[in-house]
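In order, the protein sequence lines correspond to chains A and B.
Residues 1 to 182, numbered by the working numbering, are exactly what the first sequence covers, in order.
Residues 1 to 379, numbered by the working numbering, are exactly what the second sequence covers, in order.
Keep in mind the hints are simulated off the structure, nothing from the lab.
We put the CB at the ideal spot given by N, CA and C, even for glycine.
Take these hints with a grain of salt, some might be off.
[Said to hold, decoys possible] Here are the simulated distance ranges between beta carbons:
id	chain 1	residue 1	chain 2	residue 2	range
1	A	Leu-153	B	Asp-24	40 to 46 angstroms
2	B	Ile-193	A	Glu-116	43 to 49 angstroms
3	B	Thr-339	A	Ile-7	55 to 61 angstroms
4	B	Asn-26	A	Ser-156	18 to 24 angstroms
5	A	Leu-153	B	Ser-38	48 to 54 angstroms
[Stated by the list, open to error] According to the in silico footprint, chain A covers these stretches of chain B (three or more CB under 8 angstroms from chain A):
id	segment
6	46-53
7	151-165
[Stated by the list, open to error] Simulated crosslink set (EDC-like; lysine to aspartate or glutamate; CA at most 16 angstroms straight-line):
id	chain 1	residue 1	chain 2	residue 2
8	A	Lys-170	B	Glu-357
9	A	Lys-170	A	Glu-126
10	B	Lys-17	A	Glu-126
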Amino acid sequence: MYYEESILIEGLKKGDMRAFERLFREYYELLCLFANRFVDNMPVAEELVSDAYAALWEKRETLLISTSFRAYIYRAVRNRCLNHIKHQRIEKAYMEYVRHHHLLSDEGMDSAREEELAREVEEAIESLPERCRQIFKMSRYEDLRYIDIAKALQLSPKTVERQMMIALEKLRRHLSHLFASV
Amino acid sequence: MSKGPMMDEEIKPLLVKYISGNADPNERQFVRQWLEESQDHVDYFTSLKAAWDDALYHPGERRVNTDDAFNRLRKRLAPDETAAEPAVEPIMEKRQRRLFSIPRVAAAAILLLIAGSAGVYLYKKSSPQPIAQTALALFVPNGKMKKIVLPDSTEVWLNAGTRFSYAADFGAHIREVSLDGEGYFAVKHMENIPFVVKAHGYMVRDIGTIFTVSAYPHDHFRTAVIEGEVEVSGQRIHMGHDGKVLLTRNEVLSIDESSPRQEKSAGPPAHVPEADQTSLPETQPQAISAVEMDRYAGWKDQLLVFEEETFDEVAQRLQRTFDVKIRITSSQLAGFRYTGRFNKVQNISEALRIIRETTPIVYRTEKDTIIISMDKKGL
Chain A
1 MYYEESILIE GLKKGDMRAF ERLFREYYEL LCLFANRFVD NMPVAEELVS
51 DAYAALWEKR ETLLISTSFR AYIYRAVRNR CLNHIKHQRI EKAYMEYVRH
101 HHLLSDEGMD SAREEELARE VEEAIESLPE RCRQIFKMSR YEDLRYIDIA
151 KALQLSPKTV ERQMMIALEK LRRHLSHLFA SV
Chain B
1 MSKGPMMDEE IKPLLVKYIS GNADPNERQF VRQWLEESQD HVDYFTSLKA
51 AWDDALYHPG ERRVNTDDAF NRLRKRLAPD ETAAEPAVEP IMEKRQRRLF
101 SIPRVAAAAI LLLIAGSAGV YLYKKSSPQP IAQTALALFV PNGKMKKIVL
151 PDSTEVWLNA GTRFSYAADF GAHIREVSLD GEGYFAVKHM ENIPFVVKAH
201 GYMVRDIGTI FTVSAYPHDH FRTAVIEGEV EVSGQRIHMG HDGKVLLTRN
251 EVLSIDESSP RQEKSAGPPA HVPEADQTSL PETQPQAISA VEMDRYAGWK
301 DQLLVFEEET FDEVAQRLQR TFDVKIRITS SQLAGFRYTG RFNKVQNISE
351 ALRIIRETTP IVYRTEKDTI IISMDKKGL
């Protein structure tokens, strides 16, 4: 089912929770991944995105969106992220990172680009040697520490360290062309 | 982006350790210095960091749960609305479907979802027991704070230096969690399934409520109630009410763990020693004001409050909050009592500067330890 975004916005202005829900579901996940690049902490990223939507709901009656909704909500989330990290000691390299990678553009990632990235990421990770892939997944998706991965797989922490380096380096090479023009 | 191969191979594993949250303070410092050296270094680092972030786009490993997020948000925006009206018909977009395509133990999925940051990790206790009994545990290191949502949608904030766990059968008959450290619980009330926090031999049982529990090793056991009621039990509590103490709104119970019993620091948190009947610790709830409540619950909102606390206690909490080591060299200072409020103070130097305004201290850093001593001139 597809709704014209302008219809959803009109619904939102009238306090239609279902229109609001549509707008939330459409962008929530992508916005969280976007915000995570700034704050480097997924629970915080989720909270910032939810806060942006909460603010949207609260000022629904006086809402003025001159651009697309996508541009509006990405900007709202980005501003919250910048505000959040402003109070933290952020390293220069990290700010550099934020400046690269489309983070400061209003549009964020569109779904076509996201599809492409998702496919490439899957391909890159699944093409890693088995052990290497297993270790990387435990670190990235299960948040296990090196020492716990080492224990679980009965490897030395040095091996885990080395495999992690190989995994991320391969991933970097595999994906770098996606951002080559940035 | 092709600078990779030109990098010193030694640094690569260290950068990955840094990005994945595995580097210790010395290694972090080393990486920061290395980054200052050249733009090439920064470029290489950012390309690795980008790959690390991009990995979250893996279609089969998504951890953002849009359904849960929306339900929480809706409750927040319209709290009186009942759940009677279901969400709009399931939206079967490709993106959503992928999310739920991998079967997982429900509890594991929730924990994975919440432990998104590099600073938090999960460990699974490897044991020969069947999966259903395997405990899942979360550790929040010093300097961090985490908010998590349990499978029953109870919200929990965990303070720095806290271990938290629950069994995979959480919610079946009882909702029992273990805490070693400090937590703030906004419990989703369920009539027939009590919510119990086990901490250092005490059980705090909710009666539909918001409360905090603080049970760090070698520290007081404290529980404070923000809303509703809790019932606290434990072998050290002998109140004549079936060994239970009832606390209601704006009350706190504080038990000095160090006093009458012999400290068994090596034992697990659940270890309950024989109570010394002759010198029982204070187990009377105290009424406190909303402002005083900040002392117990403020940390959740990055508000650090000290109320007439000894410098030892202050140092303990600063160590946990900012992930630093502190040594106090003056015994006079150890007995000094400090009162102060720190709102969203981001680092230890700022905190020390504020303390210095009202307290005669001097401090310096030696390796990774902050040494605090009495400022003789200030007296």
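Proposed proximity, Glu-126 (chain A) with Lys-170 (chain A) (alpha carbon, max 16 angstroms): holds (11 angstroms)
Between the alpha carbons of Lys-17 (chain B) and Glu-126 (chain A), is the straight-line distance 16 angstroms or under? Violated, because 21 angstroms separates the two Cα atoms, which is more than 16 angstroms.
Could you say whether the range 48 to 54 angstroms given as a hint is met by the Cβ separation of Leu-153 (chain A) and Ser-38 (chain B)? This hint is violated: roughly 36 angstroms between Cβ atoms.
Honestly, do Leu-153 (chain A) and Asp-24 (chain B) meet the 40 to 46 angstroms range at C-beta? About 21 angstroms separates the Cβ atoms of Leu-153 (chain A) and Asp-24 (chain B), which means 40 to 46 angstroms is violated.
Cβ contact check, 8 angstroms cutoff: the segment 46-53 of chain B against chain A, three residues minimum: holds (count 8)
Between the beta carbons of Ile-193 (chain B) and Glu-116 (chain A), is the distance compatible with 43 to 49 angstroms? Between Ile-193 (chain B) and Glu-116 (chain A), where Cβ atoms are some 45 angstroms apart, the hint holds.
Taking the beta carbons of Thr-339 (chain B) and Ile-7 (chain A), is their distance inside 55 to 61 angstroms? holds (57 angstroms)
With a cut-off of 8 angstroms between beta carbons, are at least three residues of the segment 151-165 of chain B near chain A? violated (count 0)
For Lys-170 (chain A) and Glu-357 (chain B), compute the direct alpha-carbon distance and say whether it is at most 16 angstroms. violated (52 angstroms)
Is the gap between the beta carbons of Asn-26 (chain B) and Ser-156 (chain A) within 18 to 24 angstroms? With a Cβ separation near 20 angstroms, Asn-26 (chain B) and Ser-156 (chain A) satisfy 18 to 24 angstroms, so the hint holds.
Checked against the numbered hints listed earlier, the structure breaks hints 1, 5, 7, 8, 10; every other hint is satisfied.
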